[in-house]
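Visitor: Sequence:
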Amino acid sequence: MNANIVKKLSYIGALFTLVVISAGAWVRLTDAGLGCPDWPGCYGILGTPDTEKELYQAKQLYPNAEIDVGKAWREMLHRYLAGILGLYVFFVSYLTFKYATHVRN
Numbered sequence: 110m111n112a113n114i115v116k117k118l119s120y121i122g123a124l125f126t127l128v129v130i131s132a133g134a135w136v137r138l139t140d141a142g143l144g145c146p147d148w149p150g151c152y153g154i155l156g157t158p159d160t161e162k163e164l165y166q167a168k169q170l171y172p173n174a175e176i177d178v179g180k181a182w183r184e185m186l187h188r189y190l191a192g193i194l195g196l197y198v199f200f201v202s203y204l205t206f207k208y209a210t211h212v213r214n
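Position in the sequence shown counted from 1, then plus 109, gives you the numbering used here.
Some hints could be false.
[To be verified] The calculated lysine-lysine pairs, modelled on DSS-like cross-linking and capped at a C-alpha distance of 25 Å, are:
hint: 1; residue 1: Lys180; residue 2: Lys117
hint: 2; residue 1: Lys180; residue 2: Lys116
hint: 3; residue 1: Lys180; residue 2: Lys168
hint: 4; residue 1: Lys180; residue 2: Lys162
Since the hints were made in silico from the structure, they are not lab data.
Working from the sequences, and respecting the hints, build out all of it.
Guide: What follows is the structure in structure tokens.
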């Protein structure tokens with residue numbers, strides 16, 4: 110591994126960060142920030158409530174919440190992108206540390 114690979118991965122990470130920030134702005138501007146009231150799932154499931162059964166269960170869990178599947182999808186998309194970015198940062202940090210250790214030796 111050389112410094113160019115680490116540099117390219119860092120640039121990709123910076124661009125992906127802009128994507129996550131843009132997705133967050135989109136979530137905020139479409140008022141979808143509370144599209145999923147719980148975390149890490151959405152209305153008690155890992156994805157969003159799409160079927161009649163899931164929508165019914167969501168309404169039972171959160172009787173006062175307005176369930177909007179579109180807002181829930183936007184919120185979950187942002188959560189997934191942010192999670193992927195977090196894993197990517199750990200991956201690039203590991204590679205950078207490994208490269209720095211290799212260069213020192």
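Visitor: If a hint holds in the structure, say so; if it does not, say that too.
Guide: Hints and how they fare:
Between Lys180 and Lys117 the CA atoms are separated by roughly 34 Å; this puts the pair beyond 25 Å, and the hint is violated. With a CA separation close to 36 Å, the supplied pair Lys180 and Lys116 exceeds the 25 Å bound. The hinted pair formed by Lys180 and Lys168 meets the criterion: a straight-line CA distance of about 15 Å does not exceed 25 Å. Taking the CA atoms of Lys180 and Lys162, the gap is near 19 Å; set against the 25 Å cutoff, the hint holds.
Figure legend: structure checked against the earlier numbered hints; hints not met, in rising order: 1, 2.
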